[in-house]
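**Student:** Listed below are the residues making up each chain.
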Amino acid sequence: MRLHFEKRKSLSIGALFLVPAISFLASLLLTGLLLVAFGADPMATYAAMLKGAFGSGRAFTETLVKAVPLMLTGLGVGLAFKLRFWNIGAEGQLVVAGVAASWVALFWNSWMPPFLLLPAALLVGCMAGALWAGIPALLKTSLKVDETLVTLMLNYVAILFAESLYYGPWRDPKGFGFPGSAPFPDSVLLPHIAGRAHIGLYFAIALALILWFLINRTRWGFELKIIGSSHKAARYQGISVERKILAAILLSGALCGLAGATEVTGISHRLQQGLSVGYGYTAIIVAWMSQLNPLAVVPVSILMAGLLVGGDQVQMKMGLPAAMSLVMQGMILFPMLAGSLFTEFRIRRAGKAAKDAQTMAPGGAA
Amino acid sequence: MTESTRENAELLVEMKGIRKSFPGVQASDDVALVLRKGEVLALLGENGAGKSTLMNILAGLYRPDSGEIRIRGKLARIASPRDASALGVGMVHQNFMLVDSMTVAENVVLGIPKLPFVPNAARIRREILELSERYNLKVEPEAFVWQLSVGEQQRVEILKLLYRKAEILILDEPTAVLTPQESKELNAVVKLMQAEGKSAVFITHKMDEVMSFSDRVMVLRKGKVVAEKLTRDTDPRDLARLMVGREILFCIDKRPFEPKGLVLELSGVEALNERGLPALRGVDLRLRSGEILGIAGVAGNGQRELAETITGLRPTTAGAISINCVDSTNASPMSVIRRGVGHVPQDRVAVGVVGDMSVSDNLAMKAYRSAPLASGGVLRPKRFLELAKRMIEAFKIATPSPSTRTKFLSGGNIQKTILAREIEACSSLLIAVYPSRGLDIGATEAVRKELVAQRDAGLGVLLVSEDLEELAQVADTIAVMFEGRIMAVMPACDAEAERLGLLMSGAIPAEV
Ligand SMILES: Nc1ncnc2c1ncn2[C@@H]1O[C@H](COP(=O)(O)OP(=O)(O)O)[C@@H](O)[C@H]1O
Ligand SMILES: [Mg+2]
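Just so you know, the sequences run in chain order H and Z.
What the first sequence shows, in the working numbering, is residues 1 to 366, in sequence order.
What the second sequence shows, in the working numbering, is residues 1001 to 1512, in sequence order.
These are calculated hints, taken from the structure and not from any lab test.
Please read these numbers as outputs of a predicted model, since none were measured by experiment.
You can take every hint at face value.
Computed list of chain Z residues with no C-beta within reach of chain H, every gap over 10 angstroms:
#, residue
1, Asp-1030
2, Gly-1067
3, Arg-1077
4, Ser-1212
5, Ala-1227
6, Asp-1238
7, Gly-1300
8, Phe-1482
9, Ala-1492
Pairs of lysine-lysine residues, derived as DSS-like cross-links and limited to a Cα-Cα distance of at most 25 angstroms, are as follows:
#, chain 1, residue 1, chain 2, residue 2
10, Z, Lys-1366, Z, Lys-1449
11, Z, Lys-1229, Z, Lys-1184
12, H, Lys-232, Z, Lys-1407
13, H, Lys-232, H, Lys-82
14, Z, Lys-1366, H, Lys-225
15, Z, Lys-1165, Z, Lys-1037
16, Z, Lys-1366, H, Lys-82
17, H, Lys-144, H, Lys-244
18, H, Lys-225, Z, Lys-1407
19, H, Lys-225, Z, Lys-1389
20, Z, Lys-1396, Z, Lys-1254
21, H, Lys-225, H, Lys-244
22, Z, Lys-1074, Z, Lys-1165
23, Z, Lys-1260, Z, Lys-1449
24, H, Lys-225, H, Lys-144
25, H, Lys-225, Z, Lys-1382
26, Z, Lys-1016, Z, Lys-1074
27, Z, Lys-1016, Z, Lys-1229
28, H, Lys-225, H, Lys-82
29, Z, Lys-1366, H, Lys-232
30, Z, Lys-1037, Z, Lys-1184
31, Z, Lys-1407, H, Lys-82
32, H, Lys-244, Z, Lys-1366
33, Z, Lys-1389, Z, Lys-1449
34, Z, Lys-1396, Z, Lys-1222
35, Z, Lys-1191, Z, Lys-1138
36, H, Lys-232, H, Lys-244
For every residue, glycine included, the Cβ atom is placed at its ideal position computed from N, Cα and C.
Same shape as in the complex, but just chain Z (with noise of 0.2 angstroms):
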């Protein structure tokens, strides 16, 4: 099907005057969307502005509080999700739903109406394969869930999908889980997928994808809808644009680059993983006052436990490390907090923050021990309320006060809490793991902006990012890291995105 065909085909999909609200907030506020055949729209919006809501209530999981809903112009009632599934409708949510216990197979076929009470097993297997291939999703039926990584889950959802004949696609920031290399596999299968006639939703808040992947673009803000356009007619600066409602800065001003003293060398460090593997294979790496050391490469080549190496929460197993120019090989956490350095976890929730305690307590983590939240041991209150107070304002965190619990911020909250009190403490070194990963683009800018302005404070900065837009705007020098090694180090200005992506993916051998 060409473009031109697909933009009079018929119409798949037509919601009209969609409401929705949920205590204090309206999630959708008068939504009108049409989907046409063989079309992928992409659905673009900052966190909280209503994209899975919209799809959910399309896929039957949640019901509006008015409007109507066409499904190849006959008015439709769908009330669950298999109502929606009878219509061809599919949706693979943002938390995937599969269950761990059960093998793939087991999974796709799980709650189909009509499935025999004795399934037969090798013709699913067969059928499940047959889908793989020509889909090129590569899954193995008979594995349990457990056992797959998440790129993997997605693929069952999408064959699940596939296995009840869906026309209709929904697919809930797909991307958000994905290295870059899945998202373009990703990226493959749809427009396979379109090929063949189906129709997709594809829900996003990252500009770049809306590019690559859609043939329409529908813009929500507060549960509304902003703009719609066809994506040839429009470009990632004026997406960003609609979907925050003011200009967005690309470019970050930073003062230029003058760096200081040595904060952090490595030497020839190595580490092993949980299963005992190594993970670090012999890292040098030099970290200045004043710099921003930008770490590229695909998620899992070493990074996490390149900032748990520094940080003390994981042996060394051979080289050294300084920090301030004082050895710090296998030093304790605890005396590496003393030393000024700042730790922005990669897993925010397990380990940034204590999600049962309140706001204000996770503040103060790593200031509690000494003056003037302490004397002698004892806690003082009032200072722990004064501080948390201080922070919410300075670093514009939402929430509702400052003794709600941690688990009910939003991602970009409780990240900017982590940030806070990391930045509070520390004095020489921040380590940022994937800082903005997940947030949307307001809060990214925050974190971005924050990162910057420690560097221009004189802090050294170890910023690790899978991100090369990012660490263009903000590094101002970058190293790439796979399978454990440092494959190069070039000043940021000299960083071409090819290079990066063939370093990071080993595809051309280590420089240093």
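Excised from the complex, chain H in its bound form (with noise of 0.2 angstroms):
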């Protein structure tokens, strides 16, 4: 049977949700038969991760607890997707942003009402989120350099800056030499719905639905689409291109910047070590399989952490490595990027093609 791609004329609904379902049924294919060459059962291990990830309460809740910093990272990375700002600095930013919440929780309270210390850690961690993410903006705009080198160079510094704080002058004299600032105040602490689930879950779908609405119903999002596809194009609309560019991915950062800030006002309540967990790189996994699209963010996310829960369990019940819920998020992203040409392109069979079979022919229409 001979196969043959034709470019899609529209892009189908159908498809949008199709294609990363059909991604991730292939990476537990793939991730199968993995499991098959360690000697594992795949049916066993992938009840037991579901188990792990979804079963109980307590299980669901640690999948929510993970889903937060995905979600915020994969919003802010893929806002930058959008208009093809290689972002890939979440990590730096989460960091930085945690860093920054942690200096108010711990240096503010001496002077700050309680009550605003809150959300003043929350806001000044996205002010760092922006910031980090503002610099390699700043150089794409104004001097053209990669933004995908500096986004990516700039995690390393923004995680050695975090380390070298909670070992050095941060370090809590009371902590026993265990690497890590002392804990926040009660004040400044993000009040928990369920287990270790906290408020930050609330904000992260809040902003999924607010960025939903701002890319696809405002002047603000058809700009942003404008010059996603063209800078030229968006020029001669009469668009102030590098100005927009700036302005979203500082969004872009303050967005993972709140991912960090929640992690230590809602889960670490210190500056310590495990504040850099990938969740920063898992984003762009997130963006990508969820099209770019605010809202599949959302379950996406979900989704993504459960696989996370669900792996930690796996390994720790049936002694499987610990990379395997890793090799399983990579085995997620090929079959979607694959899957991203059956969103644009349409598969035809060989009878049917050949008649049509030179649409892809040089030369063809005219």
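Dock the two chains into a complex; use the hints.
**Tutor:** Here you go:
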């Protein structure tokens, strides 16, 4: 059977949902083969993962705990990708924001009214994330420096900076040498919903809705779409391209920053090791899997978080290597990237295709 | 060979009963075609008439659904370009098919079946230079294709065929990308090949080229042959009617020329091109409302830069621009738009529209900023759709639906989309850069009529064109541009083609 691709005239709605779903299934299949190679029973493993991630109230709240930073960074990264600004620095923006929020939490309570401390920590965190993303954005818009490298390198700067603080000046003197700051005052802790799940979840969902509205229903979003397609066309339409990109990337960084701020105020309650666990990288997968649609980021993040939590469970219960869930994550991305071909193109079988097989032939249509 | 012997010469190609369909269109519908030795056959038809399809079949790129092809009397099975090449058939496609990263010489020999594993570069170079000498096709064998202009690339394509000893050359709209001067050179090359007994099929949708290039003409409409005549027995008017299937207006009704207030004034304007070299060297122009000012000139003499400088897309390095008597030197693109200036840019596909967005979004790309399409920064999708439906109807834009992605429209309909949007948004000055370039005669007529209608409605229209016929037809005043300077400004009724041509090529000095 000869297959043949044909460019779609308009994006099919079905494919928009189908592709991530099929990619996910394909990744289950591929990982399954790998599990067999490791001598594990794939069905049992998946069942254990499912149970570990969603099987009990406790499991589910743990999944939500991880879903929140994924949602926020996924939204941030997705927004940048819409502009074809390859922000792979979500991890660094998250960490820097965590540091900034910790700074507020640790040192501002001496003079700030307690009820203002939490909002201040979140806000300063967002600003730090925005600033961290703003550096590559400014370099790109003013000097045309490639953002991919700069955002990536700044991740290491941020992570090492955080380390130098909690190993150095901010280390808790009462911490028995444990690398981490003093615990935050109670007034700066994020209220919890259930288990360790905190109200950052509400923020994330609300922000997904707001971002969807901004992108699809406002002038601002319309202009972003034009810029994302072609800077030349945008300039011709009178849009100030550099300013708009800068603003959008600041927002992208702020979203990633909020992830860091909610992590320290909602989960760790101090600045310590483990703030950087790769959410900012998984966010890239989340953004692609959601096809840059903010609404899709919410369920996709929960799914990916389930994969992480379930993976940990399997590792502990079934003695599989810890890397297994990371392998699975990677395995989702591949079919996804291949899958984006199917949202853009349509497959036709040889019989029908033979006739118009030349659609792709050069010099074809006039 | 004299003309009368040519008319009875040996039949080289006979195509009979050729049919070919694509989803939704019958691109070739029972077509018969003959080509004699030493003859140039023009294939005339509007965009989409099926000219390229028919010739792609002969060149082995498409397979016909039915029909037979005979070459030199023998039934031929042409399943690939290689088969065609073996039979002496070669084609220069509408979109060139050269490999950018390879040299001219490499491209010329690329795909030759019997090429030795290590080709003799010196010999190939010599042979190419010989051919280029003989046919007056100047090329540099060592140059990389990406370094060449389109005109030069075309020469490489032709050399490629000659190198393969093609006897039957198919040229698919070869002049579409050429300047008038280059077209003339091409004409000479074709005549030279003809004198050597080679035959050619020349695809075009321009009547004057049929008259100057061909011996015989075949007119296609919607995949069918509607006429076949000796070129000397026909005239452009006759051909236009056959091609479109109705009488074509060669002159457009316009109201008498009654210019009003000044809309645009440039004094001593200078600007640089992408490479930092002077593109405009002291341009002075005045355009009044109710006037069409045509800028005549060979493409690349500063016309695009002129439009971009006025619209704020390119910095003015000296001089002053005023729009509606307000200084707009180096104004931002946005503030120029706010002054009621519409701009149909030279590069339609990459600048004029966003191909990945829908037709309706593209139609709204000027109006989206304010009511009724937006209120307080929030868009109103329903209003977008209403606007799109109205404009699609008013400008007869052929699109499956308003939500179709714009890149799937034909060139003519993309142009209508841009024109519709710009006209809708502009209230004082409309700048149109090569608005009818590459469009078929029907779409061209629609575009020209629209420009005149806007002029009659009181806009000032700045029309950049390289088509003197177009300028004569619609412009009230003509300014000639050469190497970034205005050579002369004259009322259109006083413009003679001869003098314009000389001014355009810099052969006579500037008159202003
Ligand atoms: N490869 C193709 N796939 C689908 N439709 C095609 C293809 N090539 C041409 N067509 C259609 O066939 C018709 C004739 O096209 P073409 O031969 O390119 O016209 P022309 O060269 O006269 O402008 C058009 O409607 C065009 O859209
Ligand atoms: Mg064609």
